[in-house]
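*Asks:* The residues making up each chain are set out below.
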Amino acid sequence: MIISVASGKGGTGKTTVATSLALALAPDVDVTFLDCDVEEPNAHLFLNPALTGEQPVTTFVPEINEERCSLCRKCADICRFSALAAAGKKLLVFPELCHGCEGCLEVCPENAISAGSRSLGVIESGRIGKMHFHSGRLRIGEAMAPPLIRQVRKWENQSEITIIDAPPGTSCPVISAMKNSDFVLMVTEPTPFGLHDLRLAVEAVGMLGIDAGLVVNRADIGDDRVRRYAEDKKIPILLQIPFDREIAQSYSQGRTIVERYPDWADKFKGLYRDIMRIVMHKEHG
Amino acid sequence: MRELVILSGKGGTGKTSITGAFASLAPECMFCDADVDAADLHLLLNPRVEQSSPFMGGSLAIIRPEMCCECGRCRELCRFDAISESYEIDRFACEGCGVCVDLCPEQAIEFPVQQCGEWFVSDTRFGPMVHARLGIAEENSGKLVSLVRRQARQLAIEKGCNLILTDGPPGIGCSVIASLGGATAVVIIVEPTVSGLHDMERVADLAAHFKVPGMVCINKYDLNEAMTVKIERYARSRNMQILGRVPFDSLFVAAMIEGKNIFEHSPESEAAGALRSVWCNIMDSQVMNSLGIRDLKQVIQ
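Protein chains in written order, with numbering that gives the first Met the number 0: chain A, 0 to 284; chain B, 0 to 300.
Careful, some of the hints might be misleading.
Pairs of lysine-lysine residues, derived as DSS-like cross-links and limited to a Cα-Cα distance of at most 30 Å, are as follows [what the hints assert, rightly or not]: (1) B:Lys210 with A:Lys89; (2) A:Lys178 with A:Lys281; (3) B:Lys142 with A:Lys178.
Chain B regions said to be covered by chain A (calculated; three or more residues, Cβ under 8 Å) [unchecked claim]: (4) 66–74; (5) 182–193; (6) 268–281.
According to the in silico footprint, chain A covers these stretches of chain B (three or more CB under 8 Å from chain A) [as the list claims (entries may be wrong)]: (7) 17–30; (8) 132–141; (9) 165–172; (10) 197–204; (11) 220–232.
These are calculated hints, taken from the structure and not from any lab test. None of the values given here were measured: they were computed from a predicted structure. Quick reminder that beta carbons are idealized off the backbone N, C-alpha and C, glycines included.
Isolated chain B, as found in the complex (with noise of 0.2 Å):
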């Protein structure tokens, strides 16, 4: 089983709409949206949900009032000044770690398990897809991502697919670095711009310090070709393969409108044929492909 998981650093620079491409050109590929605070692949893969479940997070401490002596204990404890003066928890402060409802001496604070989200079997037509909605202003979004990828990864062992299609959350965070370990590679899809380039260096840090191999993806290149030329030297000089340059072009933003990806709404186009031979260059990697070889179980059968 193999997992390409599709990283930026940097947000908006078309992860989405580059992974829902993809799906026109991956048969037998089970897709799994790791980007579960702020989701948008289902808009363009329309998935029709056959199995939601709640995602059960972290606790919550609350405080019961007519138990409570007001001691002070809790409100000395608390690292995330969560507590307030009249003995009410600030639940974006609390942190869910517990320590106030051990040591109140009054046993006076419950800590009941927050639902924080939900997450989704569904199908698609382009195969099957396993997605998440973080509730807002939740925590926990790293162990949601953990817990998204754990089922595609069994439900694509079940369905017979070879490949998972992850894609994943801007940043280097909590999530990111969920989104990340035991892939077979990621793509970074970089914007030549300062801060496209800047982004994707810690990215490409980040996946070194977890040993996943790094290819790369220039979206937008003809909006700073000396910037994209400086990019794909960086890229060379961290042995991250280059996988193409893929034009700006509007008609991105015309196919999510109409819920489409590239292909399906323009597949003449530029950025399409580009994208395509981009696809080419991940499947005949050498990262992707263990010995080189791309199908090394049909090659040992």
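Excised from the complex, chain A in its bound form (with noise of 0.2 Å):
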């Protein structure tokens, strides 16, 4: 069971929910935490796991051998991302706008290219008890996010449950934390701004034909507008978080709501039961 949690807006409270409904299930259940929002992963500053392992992750870029190299072109002639060039007597290399498609490699009738490569960044490894913790984090720099959140769901499916926490947004890098998900939950506020950037993640997970709920953090903020639309479009509301200054206080400490207010863990739970019974009526129709 995959579980992805994510949200059009950012800040809207991905990560509270996300490791809260982690915490809530570990004692019970076999659980992997994958923290999938790589530019800014943040779920480690809550969970505070004890780091196993470091993985570098890179991805490929051409290495030309100037010896062999005809200047044919063929190289820079099937490069969509202008990643080569030729320019006089020299081929150049632009290993940062290098999308990893070898069509190079291929292409070479010289076999003047081998396979080099460029950082994407780390995946960070670890246990909380005996929850399973992997977090990918982007090197400073680098454009492309979407290969390394393949990596880090490489972890995926080793657990009774995996929870995705997703980056904000609705482009590339949430559909690669979102795609053959089971389940997504997405967390909004009921602000004029929650609501904008809602219709657009409802969107994108109706394209993708998963199944969602909804969180509404800080629901007492706002107008009722957010709630009018999950009716409207038939999302069910799964949970509401009311907005609360010590909720507020103890995340900016860096401490979880089921932490703060442990009697939350069984909200969590009922949570959890309700993806349980949508994901189940689905399947057996």
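Make one complex out of these two single chains by using the hints.
*Replies:* Structural data, given as structure tokens:
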């Protein structure tokens, strides 16, 4: 069972919900937590895992053997990302533009291109009690998050439940984080910005054909347009978390809701049961 | 021409609410929404769209089944696992590299350019604005951000604006890199939380990497004053100017619901006062004024 926690708008409480859900379930079930918000991974600040390893992640970039290169330009012609260019008597490589398709390697008739690498970042792994934890961390200056996210997701399905903390937005990094999950839990706040970005997220989840449910965070601020929208679109609201200065302050210190208010663990377990019911209902028609 | 980019690393720290508020304080300013993925600035500035244009992004491979002999060459070449056993392309996985298109022995794969979004030139009650909407689940957000910024710059020159105010996206990836390059300065809006500080450090590193000077504004500072002090200490250690502290205030949401910024909604509030002082500090900062002179051109003339 893979549950990804997403939202269109940033800062609505994805990490708060994902970490609290994981901590509430972990005593009873085998849980793997994947932080796929690789641009700004935060879950480790709340879960404090004992780190057991760090794995570098790289992507292919071409390396040119100048002695063999005949400047035929076949590599530059196939590259759609302008990562290779012939200038005068030299073949130039712009490794930061390379998307790693390896087309140049394939078409070079002189065998002058070999596989080099560019760092995408690292995956940090660890444990929180019995819970498994893996978190991607994009290298500063690296533009491509999706290939790193795909590597983090290699760790999914090793436990009964995998919880994915997804990045904000609706473009390719989010799609990489949500794709092929069993359920998307969308976290929003009842404000005009929250609603606007929720609509986009709902559209993205719809395109992927995944079931979704809603958590309304800071539920007592703003207005009721998010709730009316959810009703209209038949998206179940599975949990509402009120705005509470205590929750906000413990969050600021790196403490989850279930640590601050232990009785909330039951609400998160209930949230999981509701998700299970929706997913099972779909599977059995 | 000066361009100020508002970033945060972490989402939801108040970038757009603050950019929208600055609109009231910035005369002759061009507004640019570089968060093309989940754009919200238009909800505050309520632009009247004057011109909309399609954004043509990358291409998508499409296999023509009547020409495909199922030789498997494309599946062998594709590094993105985008081609299924039944020779259908997964449009979410296709990177648009075109390797299958070029090397298919039957030339059975088409490669049409896709419209990945739309961009707009608009007018608002505060001044002109350039913004965009990336299609859902699309790639090439960086390309669209670069396009929007280029258009904003050109239009700013035409209209005689002396400042571009750019609302940036969260994160540090492709679209943030595209928002940052060549800007005069970056203002990082931070909230006083462990994640706010952690994410701000990464944006500060990114700004340093691209050699754009950074300044720091702490929003909702009173949620954790000890953390606020820690963030200010960090900012000083990185030689980033501290612009000020803005208190947590539910008036920001109340204003947002009315489609107004804080100066239009509650000009006398403490938050509005704090933001006014932040704005003055930005405009008086060294990084926004070459050699410390606010309008170098006028001085030379």
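*Asks:* Now tell me, hint by hint, if it's right for this structure.
*Replies:* Okay, the hints, checked on the actual structure:
1. B:Lys210 with A:Lys89: holds (29 Å)
2. A:Lys178 with A:Lys281: Cα-Cα ~17 Å, so holds.
3. B:Lys142 with A:Lys178: Within the cut-off at roughly 23 Å; holds.
4. 66–74: violated (count 0)
5. 182–193: With 4 residues closer than 8 Å to chain A, the segment 182–193 of chain B meets the three-residue bar; holds.
6. 268–281: Since three or more residues must qualify, the claim that chain A covers the segment 268–281 of chain B is violated, with 0 doing so at under 8 Å.
7. 17–30: Not satisfied, violated; 0 residues make the cut.
8. 132–141: That given contact holds, which follows from 7 residues of the segment 132–141 of chain B lying within Cβ reach (below 8 Å) of chain A.
9. 165–172: With 5 residues closer than 8 Å to chain A, the segment 165–172 of chain B meets the three-residue bar; holds.
10. 197–204: The restraint on the segment 197–204 of chain B holds, since 4 of its residues have a Cβ under 8 Å from chain A and three suffice.
11. 220–232: Check passed, 3 qualifying residues.
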